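2 protein chains.
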Amino acid sequence: MPEGDATHPTAFEMAARQRAISVSEFFLKNRHLLGFDSQSKAVVTTVREAVDNALDACEEAGILPEIAVEISRRGAALRVAVEDNGPGIVEGQIGRIFGKLLYGSRFHKLSQSRGQQGMGISAAGMYGQLTTGLPMHIISRIAGEAQAAELHVSIDTSRNRPDIHRKRHLDWDRPHGTRVEVEIEGRYQRGPHSVESYLKQTAIANPHVTLALRDPDGVEIRFQRSVETLPPLPSEIRPHPHGVELGQLIQMLSDADARTLRQFLERAFSRVGRKTADAIIERASAGLSARSYPRRIAHAEATRLHRAIAGTRISGPRTDCLAPIGEERLLEGLRKEIDASFYTVLTRRPAVYRGNPFQVEVGLAHGKPGRPYLEADDGSTRRRKRRGDREQPAQAADLPGRSDEPVRLLRFANRVPLLYQQPACAITRAATQINWRSYGLRQPKGGLPLAPMVMLVHVASVWVPFTSESKEAVASYPEILRELKLGLQDCGRRLARYLRRDRALRLAEAQRSRIETYLPHVGIALQEILEIGDAERERTVAALDAVLRRQRKI
Amino acid sequence: MPEGDATHPTAFEMAARQRAISVSEFFLKNRHLLGFDSQSKAVVTTVREAVDNALDACEEAGILPEIAVEISRRGAALRVAVEDNGPGIVEGQIGRIFGKLLYGSRFHKLSQSRGQQGMGISAAGMYGQLTTGLPMHIISRIAGEAQAAELHVSIDTSRNRPDIHRKRHLDWDRPHGTRVEVEIEGRYQRGPHSVESYLKQTAIANPHVTLALRDPDGVEIRFQRSVETLPPLPSEIRPHPHGVELGQLIQMLSDADARTLRQFLERAFSRVGRKTADAIIERASAGLSARSYPRRIAHAEATRLHRAIAGTRISGPRTDCLAPIGEERLLEGLRKEIDASFYTVLTRRPAVYRGNPFQVEVGLAHGKPGRPYLEADDGSTRRRKRRGDREQPAQAADLPGRSDEPVRLLRFANRVPLLYQQPACAITRAATQINWRSYGLRQPKGGLPLAPMVMLVHVASVWVPFTSESKEAVASYPEILRELKLGLQDCGRRLARYLRRDRALRLAEAQRSRIETYLPHVGIALQEILEIGDAERERTVAALDAVLRRQRKI
Chain L
1 MPEGDATHPT
11 AFEMAARQRA
21 ISVSEFFLKN
31 RHLLGFDSQS
41 KAVVTTVREA
51 VDNALDACEE
61 AGILPEIAVE
71 ISRRGAALRV
81 AVEDNGPGIV
91 EGQIGRIFGK
101 LLYGSRFHKL
111 SQSRGQQGMG
121 ISAAGMYGQL
131 TTGLPMHIIS
141 RIAGEAQAAE
151 LHVSIDTSRN
161 RPDIHRKRHL
171 DWDRPHGTRV
181 EVEIEGRYQR
191 GPHSVESYLK
201 QTAIANPHVT
211 LALRDPDGVE
221 IRFQRSVETL
231 PPLPSEIRPH
241 PHGVELGQLI
251 QMLSDADART
261 LRQFLERAFS
271 RVGRKTADAI
281 IERASAGLSA
291 RSYPRRIAHA
301 EATRLHRAIA
311 GTRISGPRTD
321 CLAPIGEERL
331 LEGLRKEIDA
341 SFYTVLTRRP
351 AVYRGNPFQV
361 EVGLAHGKPG
371 RPYLEADDGS
381 TRRRKRRGDR
391 EQPAQAADLP
401 GRSDEPVRLL
411 RFANRVPLLY
421 QQPACAITRA
431 ATQINWRSYG
441 LRQPKGGLPL
451 APMVMLVHVA
461 SVWVPFTSES
471 KEAVASYPEI
481 LRELKLGLQD
491 CGRRLARYLR
501 RDRALRLAEA
511 QRSRIETYLP
521 HVGIALQEIL
531 EIGDAERERT
541 VAALDAVLRR
551 QRKI
Chain B
1 MPEGDATHPT
11 AFEMAARQRA
21 ISVSEFFLKN
31 RHLLGFDSQS
41 KAVVTTVREA
51 VDNALDACEE
61 AGILPEIAVE
71 ISRRGAALRV
81 AVEDNGPGIV
91 EGQIGRIFGK
101 LLYGSRFHKL
111 SQSRGQQGMG
121 ISAAGMYGQL
131 TTGLPMHIIS
141 RIAGEAQAAE
151 LHVSIDTSRN
161 RPDIHRKRHL
171 DWDRPHGTRV
181 EVEIEGRYQR
191 GPHSVESYLK
201 QTAIANPHVT
211 LALRDPDGVE
221 IRFQRSVETL
231 PPLPSEIRPH
241 PHGVELGQLI
251 QMLSDADART
261 LRQFLERAFS
271 RVGRKTADAI
281 IERASAGLSA
291 RSYPRRIAHA
301 EATRLHRAIA
311 GTRISGPRTD
321 CLAPIGEERL
331 LEGLRKEIDA
341 SFYTVLTRRP
351 AVYRGNPFQV
361 EVGLAHGKPG
371 RPYLEADDGS
381 TRRRKRRGDR
391 EQPAQAADLP
401 GRSDEPVRLL
411 RFANRVPLLY
421 QQPACAITRA
431 ATQINWRSYG
441 LRQPKGGLPL
451 APMVMLVHVA
461 SVWVPFTSES
471 KEAVASYPEI
481 LRELKLGLQD
491 CGRRLARYLR
501 RDRALRLAEA
511 QRSRIETYLP
521 HVGIALQEIL
531 EIGDAERERT
541 VAALDAVLRR
551 QRKI
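Protein chains in written order, with this note's numbering: chain L, 1 to 554; chain B, 1 to 554.
Here chain L stands alone, though its shape is the one from the complex:
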């Protein structure tokens, strides 16, 4: 038996090898979980994390965001710099914000924000450190302070703690804001998975934001805001009692400051007033009263209390914790960035999954089906059409695409575009499970419909359940899937009406042109039969034309 020979260790030897793993070490080794699995994706992820943080900070501070992204070559590496006009960061926090994973202000609160994990920007720094060995470079100035703070920060990965290399104060022409620079091993690419595409989609979902990009070749692109007011700031909520699990309730009870159970219920949860609290307590019955001391409630009573909560009618969660884009702004964003002939947008009412409020928005932008470059064609003519089919040079990804291509699906979570892992996302799942044929589109089995169309879907929530830390796809909770489908179907019906009307219009147009071709001949025939003069003939033809047009309502 296990005596511990040359090859096999004893239980004691095995115990001696057990060690704690720092969260930074873990993610350094698993960097693909954070979106750093390829050199091109690393660039997009770095930009996204920095821009998301900048947007969150600006909006929270009530500032209309203006963000500049600059990417430049530094030897074999790329330098990514993101500068914002935000409120700036207090000097003492800079180290931990950029040099520690799992550190942030948004994890512990229930309200909609782009960042939620406290990992992204530190992960970008860690990736830079891993691939180039250089620390992050941060400049930040708070409004009213005479100078900006400049720090060089890296992560001590074995302890998940910031290492601050240099710190000084300097003059900066910005009155307030933050600039982050990180050098990474990366590849700058164009196309649907590009920095440009991320920024363009960010502009669509955030029409109050101005974004500027300078790429490694010096090309500059600017996405100018079309709306001059900030979206309302989502408020923070307490958890809804129906979303709380037994073990969580037990933990909350044992941590409670409240002196009585009634007080605990009122304070810890949203939507629980005195009346609801009493109803819950009464239902839980034996051994529990409004005056029970929360910290002394035993497991069996807590189980009853949990069951009582589930059985009590409580109003749905407050939803001012959510800030959807809104139909008006969504339409604005779509019109500004996408050239199409039909637009429809929809903001659904908030719903709840596992106690978390969320809200779905859908927008469709359908290209002009009559335009030749959007028509389906076979392989033989594809090349020619590809070359000449745009009036303007293609920017990032073509939006919308061709009519024989799958629709362009733009996915957003809390206003952030999701560029990767489309197949793993609940949004894709919902879009492919709908029968689009009934709305007049072609659709391969199990796939997205084929149409010159952009399909935009936004999920806003106090806690978006992502399928990985890289925040690229939404997990398929049934409640979320259901809302997504309802939203898409509603927009699908509107699209179907448009397509029917459009088809009827085009048919009428074709008939009209046929009439225009033949009407003169009819006129000549009539002239011969009725033996009338030229003037009479022309009057008759004009009258006929008018009647026919009225009938077709052109």
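Just so you know, not all the hints are guaranteed correct.
Identical copies carry no separate label here, and so any pair may be met within one copy or between two of them.
[Claimed, not checked] Below, computed lysine-lysine pairings styled on BS3-like, alpha-carbon distance capped at 30 Å:
hint, residue 1, residue 2
1, Lys485, Lys29
2, Lys336, Lys485
3, Lys485, Lys275
4, Lys109, Lys275
5, Lys109, Lys485
6, Lys167, Lys445
7, Lys109, Lys445
8, Lys336, Lys445
9, Lys275, Lys41
10, Lys485, Lys445
11, Lys41, Lys29
12, Lys336, Lys41
Because the hints were derived from the structure by calculation, they are not lab data. Computed from a predicted structure; not experimentally measured.
Given chain L, work out where chain B should sit, using these hints.
Just chain B now, with coordinates in the frame of chain L:
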């Protein structure tokens, strides 16, 4: 500007809200990342984490594993118990192993094992705690100790530390081993995503293991080992220099104990002897010598050193860190659990991704295409055939499936079956990107081939890159994808040969039976024409039959 009004906080107010997030809190909120996103999956994940740990411990200690899984109902919850005959766990370590995320012995070493993250079993405990409020219950005894230790452990999630509730010593009839019990909110289900399916597939990839299951209805299933020896214990290796990134090299240099650069290179890396070390140092040139003190090497020199490493020829990584199943055992496992008429297995030579050795194994088991229940049919007859198409009651998932269904893909990583997230896995990607039509199978575009076949694929590595912490799918590193395809294609060619031979055989069989039907008539005709007697006729027919059979080589 940001003065801090009623709604908008100042930078200072924002700073005050920044907080560290414990890794347990993070995964508690993101429990779907660890495989606890649905009640049925939670049961499978709990069993898997406990069984994987048991197998790792037994094999490391040189014990043939015998593992019992019992799942029983406890009110609305399920109790999952897993008991092994392993070496036991030293009492002082039990708390941290079961009550702390990111704690283990396998993360920091490069060798193949099932566990690698130090999260799984603690995550199962945390899920139990969240949903039922109860701590884990652990009994463990080390060989030679008079009694077993019994502990009740939960996680203090806000600090990621174990809470030990009760601890005592008791008599236990096992001489050594560990028993883990956890009560969770869960749903026990059957089918392809079931505990039974996980155990059956584990038995296929681990024919040296005996597994027993008792399900909530008291049904008992036993998978008995078919091999009486343990697989070789994989050895631990140092990193290969070609897999080390610049930042990592800089970190290693600054942590180095070695007094000289040459010593550092020899000690820190595998495959670097004195000669290779000197070649690297010479190539790095200016400012660096064999005697340079590692901790004083500056960034510019380290960059040159890193480039020199990349430019130096170094033998490939050692591969005794890998323990593939092996062709013989793989075949054994397939034959034992799957009833088919053609089997082929293949263990490819080790390869390397990002410095990590890995190895791909493939096995195919093709059902009997001549058997009627496996033939393709149209929808109209499906129902009838479905009902009567099995000689034996279906166990877990039917293996293989029907000939008009996609092949059953069994994915394994380090001998652990992967049951979920099939679409996201590199194995699936490789299997769908191959043109199976050229091997004689039908295949829908972009899908798995249709055949009554089991396709088993195993990826073994010192570090399997999973797409999430729940370890359900392998990330698509190009080197891994390439090896997977080569292995599948090789097996595909063997399958094609079998299918051609089988088709020829069935054709000959059909012709032979036609001959058997008509030969007597031929005999009678001949008898009339040649005017011969009955005996002569029978001799002639027999002779003809023999000649025809020889020609067809039946």
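Outcome of the hint check:
| no. | hint | verdict |
| --- | --- | --- |
| 1 | Lys485 to Lys29 | between (37 Å within a copy, 25 Å between copies) |
| 2 | Lys336 to Lys485 | within (26 Å within a copy, 45 Å between copies) |
| 3 | Lys485 to Lys275 | neither (37 Å within a copy, 65 Å between copies) |
| 4 | Lys109 to Lys275 | within (26 Å within a copy, 58 Å between copies) |
| 5 | Lys109 to Lys485 | within (29 Å within a copy, 46 Å between copies) |
| 6 | Lys167 to Lys445 | neither (59 Å within a copy, 58 Å between copies) |
| 7 | Lys109 to Lys445 | neither (42 Å within a copy, 46 Å between copies) |
| 8 | Lys336 to Lys445 | neither (33 Å within a copy, 37 Å between copies) |
| 9 | Lys275 to Lys41 | neither (53 Å within a copy, 38 Å between copies) |
| 10 | Lys485 to Lys445 | both (17 Å within a copy, 26 Å between copies) |
| 11 | Lys41 to Lys29 | both (17 Å within a copy, 26 Å between copies) |
| 12 | Lys336 to Lys41 | within (27 Å within a copy, 44 Å between copies) |
In the structure shown, a violation is registered for the earlier hints numbered 3, 6, 7, 8, 9, in ascending order.
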